[in-house]
Amino acid sequence: MNQAGERMSASDFRKKKEIEEARKNGTLPPEKDADGNLINPHNPDYISKRPWYLGSSGPSLTHQINPKKDQVLSMTEADQINVRAFKATNRKKFVKGACTNCGATTHNAKECVERPRKVGAWKTNKDIAADEVIVDVRSGQYGKLTFDAKRDAWLGYDTEEHAATIARFEKMETARKQKRIEEMNKEFKDDARKEKTNKTGSDSDSDSDGEGGSEDDEFVDKEGGRVISKRVSRQGGVGGAEMKITSRNLRIREDTAKYLRNLNPNSAFYDPKTRSMRDNPNPDLSAEDSAFMGDNFIRNTGDAVKLAKTQLFAWEAAEHGVVPEGQLHPQATPSAAEFMRQQYEAKKAALEAEKRKAIIDKYGAQTPAPPKELLLAATESYVEYSRDGRVVKGIEKAPAKSKYLEDVLENNHTSVWGSWYDRAARAWGFACCHSTVRKSYCTGAQGKAAAQALAVAPPEPAKEREMLQPSASGTTEAAFSLTARSELYGENTAPSLDEAKLKAAKAKAKKSKEEDGKKRKYNSMLQDDVSAEDMEVYRMQKTKRDDPMANISSDTLLPE
96 MNQAGERMSA
106 SDFRKKKEIE
116 EARKNGTLPP
126 EKDADGNLIN
136 PHNPDYISKR
146 PWYLGSSGPS
156 LTHQINPKKD
166 QVLSMTEADQ
176 INVRAFKATN
186 RKKFVKGACT
196 NCGATTHNAK
206 ECVERPRKVG
216 AWKTNKDIAA
226 DEVIVDVRSG
236 QYGKLTFDAK
246 RDAWLGYDTE
256 EHAATIARFE
266 KMETARKQKR
276 IEEMNKEFKD
286 DARKEKTNKT
296 GSDSDSDSDG
306 EGGSEDDEFV
316 DKEGGRVISK
326 RVSRQGGVGG
336 AEMKITSRNL
346 RIREDTAKYL
356 RNLNPNSAFY
366 DPKTRSMRDN
376 PNPDLSAEDS
386 AFMGDNFIRN
396 TGDAVKLAKT
406 QLFAWEAAEH
416 GVVPEGQLHP
426 QATPSAAEFM
436 RQQYEAKKAA
446 LEAEKRKAII
456 DKYGAQTPAP
466 PKELLLAATE
476 SYVEYSRDGR
486 VVKGIEKAPA
496 KSKYLEDVLE
506 NNHTSVWGSW
516 YDRAARAWGF
526 ACCHSTVRKS
536 YCTGAQGKAA
546 AQALAVAPPE
556 PAKEREMLQP
566 SASGTTEAAF
576 SLTARSELYG
586 ENTAPSLDEA
596 KLKAAKAKAK
606 KSKEEDGKKR
616 KYNSMLQDDV
626 SAEDMEVYRM
636 QKTKRDDPMA
646 NISSDTLLPE
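Mapped onto my numbering, the consecutive letters of the sequence shown carry residue numbers 96 to 655.
Take the hints with a grain of salt, since some may be wrong.
Heads up, simulated DSS-like pairs for lysine-lysine below, C-alpha to C-alpha not over 30 Å straight-line [said to hold, decoys possible]: (1) LYS144 <-> LYS119; (2) LYS221 <-> LYS191; (3) LYS457 <-> LYS534; (4) LYS596 <-> LYS606; (5) LYS637 <-> LYS601; (6) LYS218 <-> LYS266; (7) LYS457 <-> LYS442; (8) LYS191 <-> LYS205; (9) LYS218 <-> LYS188; (10) LYS112 <-> LYS127; (11) LYS281 <-> LYS294; (12) LYS404 <-> LYS442; (13) LYS213 <-> LYS188; (14) LYS452 <-> LYS442; (15) LYS272 <-> LYS245; (16) LYS218 <-> LYS191; (17) LYS637 <-> LYS603; (18) LYS111 <-> LYS127; (19) LYS205 <-> LYS218; (20) LYS498 <-> LYS457; (21) LYS498 <-> LYS467; (22) LYS274 <-> LYS289; (23) LYS284 <-> LYS266; (24) LYS284 <-> LYS294; (25) LYS467 <-> LYS404; (26) LYS404 <-> LYS450; (27) LYS467 <-> LYS488; (28) LYS281 <-> LYS144; (29) LYS450 <-> LYS401; (30) LYS443 <-> LYS488; (31) LYS266 <-> LYS187; (32) LYS187 <-> LYS213.
Keep in mind that the hints were calculated from the coordinates and are not lab data.
Generate coordinates for the entire structure from the input sequences, incorporating the hints supplied.
Below, the structure written as structure tokens:
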């Protein structure tokens with residue numbers, strides 16, 4: 096059967112298969128759809144075959160494409176999709192198993208968030224609420240949204256809900272006005288009855304004025320507006336000395352709307368749905384001349400900054416581990432968070448004040464600037480300064496600056512370096528011990544006595560240098576021969592060596608040289624004591640190893 100539902104003959108079917116095989120092999124060009132797009136000949140039949148209910152309109156793959164994929168939805172179309180989805184679930188009768196309060200089938204009475212009705216929907220069958228249907232228009236299932244539809248804050252809102260709210264408020268306002276009219280009629284009847292009983296036949300105008308002035312000075316009319324009455328003198332003196340006039344205290348709306356502050360379309364953006372203008376409409380004006388500086392300006396006023404500091408303190412305290420995470424919460428426990436922040440700021444201020452006091456005590460406070468009269472004053476005294484700010488020439492003499500630290504006592508000395516001068520040695524020293532060594536320790540009175548004794552003692556006469564006399568034998572071997580072991584090694588007395596220990600030391604040195612410390616364990620108890628025999632073996636081996644002539648035989652020719 097073909098796509099139209101008609102049965103094909105064997106020859107037509109064979110011809111169709113041959114054409115398909117030729118297209119797969121590349122001998123024939125592939126098919127094209129109505130839009131001119133190539134159709135892959137390797138597509139299976141269940142993909143390329145068009146359903147019978149879509150009709151036959153030539154080769155095409157449009158039945159495999161989502162028609163709503165490239166559809167663009169405006170704000171109105173997106174709202175209509177939500178409204179249709181909600182209206183589809185509206186019912187007129189109560190269904191068993193639904194919420195007994197509102198009648199929706201997606202939740203029960205315990206989970207219902209609607210105001211509890213006096214008589215539930217399961218009895219009245221009125222105002223059956225729609226089921227909670229989540230229509231995600233932004234997911235792209237129904238098409239792409241336009242720029243405005245993506246940013247629509249009222250997407251999916253049904254205006255009929257607000258119409259019901261308006262109708263309810265209108266009923267309340269009508270009942271309030273009717274009740275107020277009845278109260279006013281009753282008050283007027285009572286006033287007329289009192290006026291009739293208190294009438295004495297005298298001047299009715301003055302009596303009525305006095306009666307009205309005593310009771311009707313201030314009242315509220317039926318519309319809820321406040322009426323203020325006051326007495327003013329009559330013009331021309333006709334009708335009494337004073338008369339009463341009433342004036343309605345209306346609210347005068349002289350404030351300007353936000354969007355009328357600056358009519359430039361490139362100024363601050365005004366959102367009509369939220370009635371907010373976050374930026375400043377007139378950024379060129381100063382704060383004193385500007386009556387409105389944007390809604391963001393209000394966020395930095397009042398306790399907003401303090402609340403932000405408390406929140407930041409809670410985050411930093413949890414991050415640094417001062418308090419466990421979640422224990423300090425400005426929203427759950429605002430008083431505790433604010434109290435801890437105030438304690439922290441008080442301790443921080445105390446530490447900074449203590450640190451500043453320590454620095455001032457050590458280095459001194461900053462010298463205050465001289466008055467302006469002295470800064471701009473003229474003088475005839477000539478003072479010359481160097482590049483580093485020292486006085487070189489002028490009235491003020493430049494003090495001599497020492498290269499040593501001043502008022503610094505070192506090495507237990509009680510006086511500074513340079514406080515005493517030794518005339519005999521011609522050197523500076525310490526006055527506490529008469530020491531002329533710069534980094535010496537103080538010896539006190541004993542050092543003074545030693546220095547005084549050294550100065551009093553006569554100096555030893557210097558000996559003249561004498562030349563060495565040649566030896567009588569005249570041989571060089573006798574001059575350079577060392578007769579004793581102490582002269583060879585620089586020792587006063589040659590140690591006595593044990594032959595057995597010397598032999599054992601040689602064997603030990605040979606064994607350690609062969610092993611080279613490889614078999615020694617990490618925690619081995621190594622003896623580091625060096626005996627006289629070990630030292631003797633070391634000298635013997637060192638002599639052989641370091642002698643440049645040790646490995647040269649008698650037949651080797653030395654270079655000239």
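Status of each hint after checking the structure:
no.	hint	in the structure
1	LYS144 <-> LYS119	holds (17 Å)
2	LYS221 <-> LYS191	holds (15 Å)
3	LYS457 <-> LYS534	holds (26 Å)
4	LYS596 <-> LYS606	holds (15 Å)
5	LYS637 <-> LYS601	holds (13 Å)
6	LYS218 <-> LYS266	holds (25 Å)
7	LYS457 <-> LYS442	holds (23 Å)
8	LYS191 <-> LYS205	holds (16 Å)
9	LYS218 <-> LYS188	holds (10 Å)
10	LYS112 <-> LYS127	holds (17 Å)
11	LYS281 <-> LYS294	holds (20 Å)
12	LYS404 <-> LYS442	holds (16 Å)
13	LYS213 <-> LYS188	holds (18 Å)
14	LYS452 <-> LYS442	holds (15 Å)
15	LYS272 <-> LYS245	violated (44 Å)
16	LYS218 <-> LYS191	holds (12 Å)
17	LYS637 <-> LYS603	holds (16 Å)
18	LYS111 <-> LYS127	holds (16 Å)
19	LYS205 <-> LYS218	holds (17 Å)
20	LYS498 <-> LYS457	holds (22 Å)
21	LYS498 <-> LYS467	violated (37 Å)
22	LYS274 <-> LYS289	holds (23 Å)
23	LYS284 <-> LYS266	holds (27 Å)
24	LYS284 <-> LYS294	holds (15 Å)
25	LYS467 <-> LYS404	violated (41 Å)
26	LYS404 <-> LYS450	holds (24 Å)
27	LYS467 <-> LYS488	holds (25 Å)
28	LYS281 <-> LYS144	violated (86 Å)
29	LYS450 <-> LYS401	holds (26 Å)
30	LYS443 <-> LYS488	violated (49 Å)
31	LYS266 <-> LYS187	holds (25 Å)
32	LYS187 <-> LYS213	holds (19 Å)
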